[in-house]
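Engineer: Take a look at the letters that make up each chain.
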Amino acid sequence: MTAVVTGARAAVWAALGTVRDPELDEPLTDLGFVARCEVSDAGHAVVRLRLPTYFCAPNFAFLMVADAYDAVAGVPGLTGLDIRLDDHFAADVINRGVAARQGFVASFEGEAVDELDTLRYDFVRKAVLAGTDRVCRSLDGRDPGKLTLGDIPRSPDVDRLRARRRELGLPAEDGDPLLLDPATGTAVAPADAKRHLAVARLTRTSMEANSGVCRGMLRARYALTSEEEGTG
Amino acid sequence: MYEKDGEKYFVVDAHTHFWDASPDNWVEGQEEYAKGWIECFHAYQGLGPKDTHWPIDRFQKYSEELMMHDLFEVGHVDKAIFQPTNLRQWYKTGFNTTENDGALAEKHPDKFLVNTTFDPREGDAGMKAFEERVKRYHCKGVKLYTAEWRGGSRGWSLKDPAAARYLEKCEELGVTNVHIHKGPTIWPLDKDAFDVSDVDQVATSFQGLNFIVEHVGLPRIEDFCFMATQERNVYAGLAVVVGGLMHARPKFFAKVMGELMFWLGEDKLIFGADYAIWEPKWQVEGFVDWNMPGDDELSDFAPLTVDQKKKILGLNAARLYGIDVPEELRLTDPEKVEPVGVPNS
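Which chain is which? The protein sequence lines are A and B, in order. Quick note: the first sequence, position 133, residue 144 per the working numbering, numbers continuous. Quick note: the second sequence, position 208, residue 332 per the working numbering, numbers continuous.
A few of these clues could be false.
Taking CB as the label site, the calculated pair distances span [what the hints assert, rightly or not]:
(1) A:Gly54 with B:Ala288: 44 to 50 angstroms
(2) A:Asp97 with B:Lys174: 24 to 30 angstroms
(3) A:Gly196 with B:Ser277: 34 to 40 angstroms
If you want the ones that stay clear, here's a sample from chain A, every Cβ over 10 angstroms from chain B, calculated [what the hints assert, rightly or not]:
(4) Arg212
(5) Ala220
(6) Gly223
In case anyone wonders, no lab produced these hints; they're calculated from the structure. Cβ atoms here follow ideal geometry from the backbone N, Cα and C, with glycine treated the same way.
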């Protein structure tokens, strides 16, 4: 393998690292969902995705395969693209639909009535709430209801929260409040802060518990060791 | 009955199955789904302790003897409640039917309660058969599987008017406990089974019924908790919570238990081992031994008391089902505690 190809493989891997499980808000590469990632000498990329169970929801699966396709297609210098989901009851339909650049509705003709944007935004809103809990845990007793984003030192968690807020078009600059309603973008009133934080904590618990189940299932399904999990 | 450190626990396994997913029972042309379904279940078993894992052939079809042994001889279970799942589209005689469960229950009259199921897409004929099953097996509960395939349909909603007719029938027949599978989403597509809003609506409309949300809506327990705090007749079925998290993901188990106690409280949590996905023995013993770790991250949550564990493991289900609990296994002075997360009403 030449250095150029190694570089291309790394670029494809990095591109896949930008694709998240929409519900878990974690990269496919960390979750162990990328079973294979290769680039031939001629620049042809082959990617195989896998999921924790045969019956994972096809709407989430479709989002991930389509996002992976878009991300890898953006890597410069590739001459071909072969991205597929393996071992899934709807794999054929999803793979065909994504490869043909069809939407979800067209791919599942007669079974789906909406594209997946609403679903995706619901999960990003949850990611904002979960991220709020993560950031507020590190405040050492300061009242989050009185803080702006700029009051908090930079950290990966804060960057991630800002990024998710931007995805929804929510205020994410230094002067913007730390606590805001992700559905409306308005600041949370002081009297509602306690409940808002309880909701944020529960949302994070739910996502992380879900992530735990998915990781455990994937490990059991593919007989992975914990070292392999997350390395692809 | 389970005894530990001088405390005696009356154990109700409120979620158990007697299924046949062996290849002989696969419908021709549907083998892929029949196989995929049971293998998906089997993968869940991987979340339990390694020495409790079964080979796939035993998991596909297990014997009556094995079930009786696992539940009652070594599993500490006093009463087990069958929760049927038909899946006749994929399994010739059904996956886990009321009739199969009922036959076993009739052989062991003191051990089981039989729940049945209904499907509003079956119309009047289905209604008549439903009533017959309820009377034949003395059902006090139903298990609903809103994601079940039927012909071209990929599922149904409790909000459907046809479902309301069946729920009215439940009230009339004294079938007061409505268990709904709201678990990890498997299918269908847009009609996604994760949405608990249909439970929200019928819980308000049918105040005489109890709605037990199985698997607490995992993986979306936040939606479930917000809904459950608003409805006094909504309960959390802990199948998958204990079996799927306590051993494999103890940190998340602690958080989930903390949240459920916070939002719903000790009177609304119902234990279920989900046999044969997981055996009850390690779950009952593990839950009695378990308590909230002292981590900073969990400081919002109080430790569980022995009385709370007794309620969760059996007394709550006994109350809902009118199961007679021996005097020595009851709480001496049950204290009514409102969960913190529930608004004043």
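Engineer: Could one say that the CB atoms of Gly54 of chain A and Ala288 of chain B fall in the range 44 to 50 angstroms?
Structural biologist: violated (59 angstroms)
Engineer: Beyond 10 angstroms from chain B, beta-carbon-wise, is Ala220 of chain A?
Structural biologist: violated (4 angstroms)
Engineer: Tell me if the beta carbons of Asp97 of chain A and Lys174 of chain B are separated by a distance inside 24 to 30 angstroms.
Structural biologist: Holds, since Asp97 of chain A and Lys174 of chain B (Cβ atoms, about 26 angstroms apart) stay within the stated range.
Engineer: Given the hint of 34 to 40 angstroms, check if Gly196 of chain A and Ser277 of chain B actually sit that far apart at their C-beta atoms.
Structural biologist: For Ser277 of chain B against Gly196 of chain A, whose Cβ atoms are near 39 angstroms apart, the range 34 to 40 angstroms holds.
Engineer: Arg212 of chain A clear of chain B by more than 10 angstroms, beta carbon to beta carbon?
Structural biologist: Violated, since 7 angstroms does not exceed 10 angstroms.
Engineer: Could you let me know if the closest chain B CB is still more than 10 angstroms away from the CB of Gly223 of chain A?
Structural biologist: violated (4 angstroms)
Violated hints, in rising order: 1, 4, 5, 6; the structure is consistent with all others.
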